[in-house]
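Which chain is which? The protein sequence lines are L and P, in order.
Numbering-wise (my numbering), the first sequence opens with residue 1 and increments by one.
Numbering-wise (my numbering), the second sequence opens with residue 1 and increments by one.
In short, the hints are calculated from the structure, not lab data.
Cβ atoms here follow ideal geometry from the backbone N, Cα and C, with glycine treated the same way.
Don't take every hint at face value.
[As the list claims (entries may be wrong)] Now the in silico label distances, taken between C-beta atoms and shown as ranges:
(1) P:315 to L:336: 52 to 62 Å
(2) L:343 to P:177: 49 to 59 Å
(3) P:365 to L:400: 26 to 36 Å
(4) P:101 to L:292: 23 to 33 Å
(5) L:505 to P:101: 51 to 61 Å
(6) L:551 to P:90: 45 to 55 Å
(7) P:215 to L:548: 28 to 38 Å
(8) P:134 to L:394: 24 to 34 Å
[Unchecked claim] Okay, the calculated bits of chain P under chain L, using three or more residues with CB under 8 Å as the criterion:
(9) 33–44
(10) 167–175
(11) 180–194
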Amino acid sequence: MPEAELERRPASEESVDELQPLAALLAADVVAVHLSPEDGEPGLELSILDEAAPEEVRSQCVDLRSLLRERLGALALEEREAVLELLDEVAAADPGSSDPVGLATSRALIREALRDPLPPTAVERDEPQGLHFDSVLALDDNAFYVRGWARDGQAPLTRLTMLSPEGSRIELLPGIYREPRPDVDSFYEEPAHTGADGTGFLGYCETRSPSLLSGGWVLEMENALGVAREVSGPQVSRDLLAARAAILSDLHKENRWDTVLMDHVVPAVTRIQQRLEERAAIKEVWEFGEVPRGAKNSIVIPLYGRIDFLEHQLAQFVHDPELRESELIYVLDSPELASALELSAGQLFELYGVPFRVAVLAQNGGYSVANNRGASVAGGELLLLLNSDVIPDGPGWLGRMASFYEEQKGIGALGPKLLFEDDTLQHAGIKFQRPPGGGAWENEHYFKGLHRDLPAANVTRPVPAVSGACLMIARELFEKVGGLRGMFVQGDYEDTDLGLRLRERGLETWYLPEVELYHLEGQSYALETRHAMSRYNVWLHTRLWDSEIEAVTAEIE
Amino acid sequence: MSAKPKILYVSHNHPTIRPGGAEAYAYELYRAVRDGGEFEPLFLARTGPPVSISSRYHEGTLLTGVNEDPSQYFFYTDTLEYDWLNGTPRGKAALTKYLREFLRATEPDIVHLQHTLFFGYDMLREIRQTLGEGVPILYTLHEFLPICHRNGQLVRTTTEKPCREESPRRCHECFPEVSPQAFFMRKRFIQSQMSAVDRFIAPSNFLRDRFVDWGLPADKVVLEEYGRLPVTAAPTRERRKRNRLVFIGQLSYFKGVNVLLKAMKRLQEDEVDVHCAVYGANLELQPDEFRAEFAELLEATKETVSFEGEFNHDDLPMIMADADWVVVPSVWWENSPLVIQEAAQHRRPVIASDIGGMAEKVHDGVSGLHFKAADPADLAATIAGAISSRKLWDELQRRIEPPYAMDEHVRSLTRQYKELLASKASDDEEELVTPRAPATEIEGVRYA
Numbered sequence: 001m002p003e004a005e006l007e008r009r010p011a012s013e014e015s016v017d018e019l020q021p022l023a024a025l026l027a028a029d030v031v032a033v034h035l036s037p038e039d040g041e042p043g044l045e046l047s048i049l050d051e052a053a054p055e056e057v058r059s060q061c062v063d064l065r066s067l068l069r070e071r072l073g074a075l076a077l078e079e080r081e082a083v084l085e086l087l088d089e090v091a092a093a094d095p096g097s098s099d100p101v102g103l104a105t106s107r108a109l110i111r112e113a114l115r116d117p118l119p120p121t122a123v124e125r126d127e128p129q130g131l132h133f134d135s136v137l138a139l140d141d142n143a144f145y146v147r148g149w150a151r152d153g154q155a156p157l158t159r160l161t162m163l164s165p166e167g168s169r170i171e172l173l174p175g176i177y178r179e180p181r182p183d184v185d186s187f188y189e190e191p192a193h194t195g196a197d198g199t200g201f202l203g204y205c206e207t208r209s210p211s212l213l214s215g216g217w218v219l220e221m222e223n224a225l226g227v228a229r230e231v232s233g234p235q236v237s238r239d240l241l242a243a244r245a246a247i248l249s250d251l252h253k254e255n256r257w258d259t260v261l262m263d264h265v266v267p268a269v270t271r272i273q274q275r276l277e278e279r280a281a282i283k284e285v286w287e288f289g290e291v292p293r294g295a296k297n298s299i300v301i302p303l304y305g306r307i308d309f310l311e312h313q314l315a316q317f318v319h320d321p322e323l324r325e326s327e328l329i330y331v332l333d334s335p336e337l338a339s340a341l342e343l344s345a346g347q348l349f350e351l352y353g354v355p356f357r358v359a360v361l362a363q364n365g366g367y368s369v370a371n372n373r374g375a376s377v378a379g380g381e382l383l384l385l386l387n388s389d390v391i392p393d394g395p396g397w398l399g400r401m402a403s404f405y406e407e408q409k410g411i412g413a414l415g416p417k418l419l420f421e422d423d424t425l426q427h428a429g430i431k432f433q434r435p436p437g438g439g440a441w442e443n444e445h446y447f448k449g450l451h452r453d454l455p456a457a458n459v460t461r462p463v464p465a466v467s468g469a470c471l472m473i474a475r476e477l478f479e480k481v482g483g484l485r486g487m488f489v490q491g492d493y494e495d496t497d498l499g500l501r502l503r504e505r506g507l508e509t510w511y512l513p514e515v516e517l518y519h520l521e522g523q524s525y526a527l528e529t530r531h532a533m534s535r536y537n538v539w540l541h542t543r544l545w546d547s548e549i550e551a552v553t554a555e556i557e
Numbered sequence: 001m002s003a004k005p006k007i008l009y010v011s012h013n014h015p016t017i018r019p020g021g022a023e024a025y026a027y028e029l030y031r032a033v034r035d036g037g038e039f040e041p042l043f044l045a046r047t048g049p050p051v052s053i054s055s056r057y058h059e060g061t062l063l064t065g066v067n068e069d070p071s072q073y074f075f076y077t078d079t080l081e082y083d084w085l086n087g088t089p090r091g092k093a094a095l096t097k098y099l100r101e102f103l104r105a106t107e108p109d110i111v112h113l114q115h116t117l118f119f120g121y122d123m124l125r126e127i128r129q130t131l132g133e134g135v136p137i138l139y140t141l142h143e144f145l146p147i148c149h150r151n152g153q154l155v156r157t158t159t160e161k162p163c164r165e166e167s168p169r170r171c172h173e174c175f176p177e178v179s180p181q182a183f184f185m186r187k188r189f190i191q192s193q194m195s196a197v198d199r200f201i202a203p204s205n206f207l208r209d210r211f212v213d214w215g216l217p218a219d220k221v222v223l224e225e226y227g228r229l230p231v232t233a234a235p236t237r238e239r240r241k242r243n244r245l246v247f248i249g250q251l252s253y254f255k256g257v258n259v260l261l262k263a264m265k266r267l268q269e270d271e272v273d274v275h276c277a278v279y280g281a282n283l284e285l286q287p288d289e290f291r292a293e294f295a296e297l298l299e300a301t302k303e304t305v306s307f308e309g310e311f312n313h314d315d316l317p318m319i320m321a322d323a324d325w326v327v328v329p330s331v332w333w334e335n336s337p338l339v340i341q342e343a344a345q346h347r348r349p350v351i352a353s354d355i356g357g358m359a360e361k362v363h364d365g366v367s368g369l370h371f372k373a374a375d376p377a378d379l380a381a382t383i384a385g386a387i388s389s390r391k392l393w394d395e396l397q398r399r400i401e402p403p404y405a406m407d408e409h410v411r412s413l414t415r416q417y418k419e420l421l422a423s424k425a426s427d428d429e430e431e432l433v434t435p436r437a438p439a440t441e442i443e444g445v446r447y448a
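In isolation and in its complexed conformation, chain P is listed as follows (with noise of 0.2 Å):
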């Protein structure tokens, strides 16, 4: 081991070709660590369609470098070849060729996943296969795909309502075309990757809970919040009503928007005096039922309701200025929602739905209000009622927490990093229950 060990981060996606949650998370972590200093982090971004246009940068290989930075690296991978029921590649070779080289030739000393998808979960086999027992590996979860075929969504298609339970026949409702034997396969062949597996980051208990209630290993499975670098809180304006509202996410049925435009609909026809401003992206990627309801929502809202559209993370603390409540009301559980996190950076409260990981992280009448998921009417109430009172918004303000810090959250990875390196190697006697993979070319190996 040379004198920093080695940390491999694998992300889907690099956050400087398509902005994400996870992938933004996941680079702000990268460098956190290298600025630390007691770790020598590498970064390796999925790439390739449909995130970025070119499926292949140079022959012979999938990989190429990102800004000149020595530890990134971009990896292409062919989402036409892949697998979505199972999560994995059709063809092993991006696995079994081009990472087992990487992996050899990088030598990672501990491997921290963010992500699995489109490489496939078999890279974690492969990972453990060619890294050996004794390569603590890492998997930061971020939502619930392992779970749920239906984009790890958790909302049954057939009612729309959040799925409290998977099972291969509840799957099956969900979508008659795969069978109840194919959903059984499909979840025992990602737990069989996943056992390769040493520890599962969950930044939520409602997200813990339901991975191990589908099957990880309780002990496997530690809660570790995201971790925010710190930021300059936008300025609370003195006003004599607390009456604007905001809402920042993707314009879809999950984040539930149509929910909060007929909440807000119930109240300009109460002629209650209240505003709220709309911000978010990829309408134009919703089904065309949803964009019509959400267009006549907002033409039926338009003398409460601003409609501002895309924008810029940059921009932030100035949407936040303006705003009193951030409301979240998403039919979908949620994991450990960033907005909740940056309504925090900047002391406003949450007004949000009343289901996992929203109700966990917002405590209702303390930092936040809860209101009944899915339900305008309910909304519309709890909106009534924390717009009437400055004192209520003072005192749920005074009380909102400040979110993990990036800091503190480097800090405990270190640790992590650190217990599951001694306990690898004080197990080495013992290991190798799983050979390393062979050293044969693909080629070399069959005999007719």
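Just chain L, with the same shape it has in the complex (with noise of 0.2 Å):
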């Protein structure tokens, strides 16, 4: 049997001494593909073919798709199956290629020629197999969140597999996420051998090698009778936010944190808020007024949606002599409001004399992600992270946080007292909190809603955390401990994640009631999203820290 073996050779000497890659090979408009029976044991070598390549190598060279038609066509099944895995295993070797576009297309091609098609499925009501493939949401060029339905009523399904437009396999039994659909089961007059996890699945996956092309997905399923059936799938979606949101309202379908259902979306909503992170560098960055450079503290403040929030701030900072003598910087969130803040900032500039610096962001990049950027911009020992509907009560708050914190030992990061607009408390450390029952782990903030004089709310303490809305951190610290993380989605959670990493650093977490501002939370995100979010934000958050949680808690009370 001859051995389908793919090697990487230059067709002569003189004119390619490197090794080419795969992308070049089948992305370029000429392709040699060499078959050399050299030695008896019949090989497969691709290369392009030179122009000034002699003519006893030209003579031995095909085309692509002479040489799938005449030559490989001709294998067995098997063979055939082989020769696309080895190309998918090649191609997730293979470095880069300057055309990724065209190998793909050329993989396609191949795998088209290659593959026997099974047969397809027919959703009818007396038919045993039923197979249906819902979605495709890209993640990158190689995770996908996909969404189907798969039933049998002859015989327990064995396997369901995907296979990308270029011709990767992906297996997505046992560990994909099955859920019943009742509505899918009460349209078959069987009932379906698919078992208790459910007809239909959803989850995330990854193939082997990049899947770039939107169309070509099939989906294969089997039973154990060996009867297997495809279906074709669907237009690749490839928009993030979208993705992000359909895969969050996946959620709803549990009620718990520790299922198979995290396992899915927690590495694909991961891999989404890489990629937005990744997109919104600072794009540029603009200075009003001179912001004193050497300056001991620095201000990070995110600006999303609203943007009115800054005129806010600035007329209270303009009675504060430290805020002048700080490094402000804005951090714009909301990409799409650069014009209208740029005109705006720059009269509110004139109007209040209080410089600041504003970094625009080139694409929105959530809460963390501003604040990360922010930091990495400004030149003080002390980092202050503050929200945009932060209102200080009164002058002299930053010199007493920053004073308190130079003067704690082992401090990691340092709240103050945040209050409602009816002087109740917002913020007075975080704890944590489970419902009965192994429940996620929500945060709470101590006394809130009760007055800000209350004496319990008055005591200077280490605390598990304290509200990212306010938090005083060293600048050197926070860039050791990588910043926020970016993992949670939109501004939550971040704050005590960070306050937890900083513990197993040895550092504490403290609170102080002497300092007190306002924070007039929840003006800038709609309700509804917000709802999913903080669903998988308390989720991860409890995945992340659960014995953590436990211990501190425990410790603290």
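Assemble the dimeric complex from its two separately framed chains, guided by the hints.
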């Protein structure tokens, strides 16, 4: 049996003296595929044919299509599949291509030439096999979130396999998340052998080699009797924000954080968050007035949606000389508002004379990214993360926080007292609480809603965590721990995650009630989206920190 | 400083464009100070739609002159771009460019604001920023707009009852579409701007107390009534019965005209011999519901009430001459109603609601009578009692004090201006907490 072996060799020593990456070979217009049974063992050599190649080399060359039709097409199915798998492996190891789409297109061509399609499924009431491929959300070139259903009235399913347009195979069983689909089940006459797991499936999966094409996904199924079917997939969706919303909305299918569903949602959302973070680089920095160089304190304030908060803050900061001496860095996390902000920021500087900088992100990156980006251009020893809807009650607060931070040994993060607009407590430190029965840990603000003068809330002390709405940390330390983690969605739980990471390093988080600011929260987001996000964040937070939270909760009460 | 200190008066409107109480007073004060000769006053009046038809006069400036008077200017601002909640223009160029240029060119030594409406409260910041700490800023509070988003009415939208206590929660109840947080930010924003003011002038104790409760420092708010130019009092006609009433004011819910008409209806049903003339304008601006009720009540009281409509201020002596009593039935607090001062000038006792500025300015049983605000039955009883005795009317009229005179008012303000100038001069060493505005243009400050 000729073993299909791919080697990458130059066509002629003179023309090409380096190994050709697979991408270039398959994507090139004039491609030589050279089957050379040199030493009796038939091998496959692919190379770009140089125009100057000697005639004897040219004569032995075929183009890709001819190769597929004339030589490989004649191979047995098993061998053809082995060729496809080999190509997948080579493509996965390929260091990168100048024409990735060309490569993908060639591979799709090869896939179609070499594979034997299975019989198609028809969705009919008396048909035992039913298969549907609802959606493919691309999270990057290798990561996907898929959704569909599969049922078999004849025998249990033994495999459920996705085939990428480029020929990567992904086996979904047994790891994929199964969910009941009573709508599908009731359509069929026979009960399915799918078992208690449910007819529907959804989840996160990865292809071995990159998949770039939008069309051409195939879903295959096979049952214990060897009956196999396939169905073609939908167009791939590549909108990350839409994908995130869709994936987060799946969370309502479960009531617990520690289920298989989260094993799929977490890697998917984490990947989306990483990609959004990569896109949200600082596009430009504007400077209004002379922001003091060498200032001790840097204040980083993300602006999201409500750029009018800038005016409200400046109208208060103008009364505090310490704020003029600090490095004030606003981070615009709503790039679509850049031109409106530019005009207004210039005029507001003219009016208030408080110098500040604005770092504009290229794309919306979310709360943690905006803070991290702002911190990356900060120069102060101390960093204050501040929300745009926080307003001081009077001057002098920043200096009081800074001196406490500097004097307190073993401190990691520091948070002040935050107030609602009716002088009740919004924040006096954060503790964790879980519902009975091992549900997810929820962040709970101490004494929320009680009066600002409550004696118990006036105790300076270490707490499990403090709110990121106003959080002080040494800039070097912040950088060392990698800033806020972007895996949380849109501003929630990053602050307690930071507190727990600091605790891992043996550093304490302190609450400082002598400093009071107003936090006018909840004006930036629509409540509906906030809900799905916060369900995710709370579950993720518990997944990451369950035992540590248990420990810190026992320690500080 | 020139020989005569320059005072810049700022008004939200010019009385020649549209008459109104506060702007008429502001303009009279400007002229009285000019005639006094101790100061060189400037009068800057905001204009533009909806008050005037045109929105801009000259290209490249927001200023135009007024009646060839070198000391008066119109300043055009854009109400479409005005943030009504926070009382601030959305774009700041009117302040940071045009007002700043005006302040630098005119260099006032004192600024006395009568209103910041349509300029924005942040004009206070701009004035302080550009003129520095050494220039006293005074601000006459004519109404309650800084406290109450409902046009300063201090009447709850939920119950239409006078409001005694503002808070983010209660304001949000009146305006459910505005969050409590937004109301909190509004208050802090306005207070931040107002902190640039050295002295607030309150025409009534009631208003003063409300603003101190709201958060203005008590030592910064002084009581100083509106000064009135002298007029010849309307003649008092000899009549057997003192049964002729008059209402002079906006025909709106808040001015309580319908409360008066309801009282008149009762009196008419009781066949009491009484008559009331109703003078007032702006009926067309009122909600349909109010107008319908007003029309219905007029119809029901046509035997005892005559509706006279709009009137010319010059006709006031004639109107007063025909009346024995002036009724001020407002269902909101009022500040220091000018009509009460006018009644005093013409020596007519006032029947007024027993709340706020009205209760303060009319002394019950001394210079007039109180009735329970918004209560037509009590007003009817009060009127019936008032007209039943000629002696009562004579007694009340005898005790009416003449209103605060403009020349006295100018003398008092002059003292205050000088005192503030002197205290600023002695503060000079420790000043400059707020540095003066940067000299750069907006375009010049941006670095990418």
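Quick rundown of the hints versus the structure:
In this structure the hint that residue 315 of chain P and residue 336 of chain L lie 52 to 62 Å apart at CB holds, the actual value being about 58 Å. About 27 Å separates the C-beta atoms of residue 343 of chain L and residue 177 of chain P, a value inconsistent with the hinted range of 49 to 59 Å. Here the CB-CB span from residue 365 of chain P to residue 400 of chain L is close to 57 Å, at odds with the stated 26 to 36 Å. At about 29 Å, the beta-carbon gap between residue 101 of chain P and residue 292 of chain L stays in the expected band of 23 to 33 Å.
The hinted range of 51 to 61 Å is satisfied by residue 505 of chain L and residue 101 of chain P, whose Cβ atoms lie roughly 56 Å apart. Distance hint for residue 551 of chain L and residue 90 of chain P: a CB-CB separation of about 51 Å, consistent with the stated range 45 to 55 Å. At roughly 45 Å, the beta-carbon separation of residue 215 of chain P and residue 548 of chain L lies outside the given 28 to 38 Å, and the hint is violated. For residue 134 of chain P paired with residue 394 of chain L, a C-beta distance near 25 Å keeps the hint of 24 to 34 Å intact.
Coverage of the stretch 33–44 of chain P by chain L is violated in this model, with 0 residues showing a Cβ closer than 8 Å to a Cβ of that chain against a need of three. A stretch counts as covered by a chain when three or more of its residues have a beta carbon under 8 Å from one of that chain; for the stretch 167–175 of chain P and chain L the count is 3, and the coverage holds. Check result for the stretch 180–194 of chain P against chain L: holds, 10 residues qualifying (beta carbon to beta carbon below 8 Å, three or more required).
Checked against the numbered hints given earlier, the structure breaks hints 2, 3, 7, 9 and satisfies all the rest.
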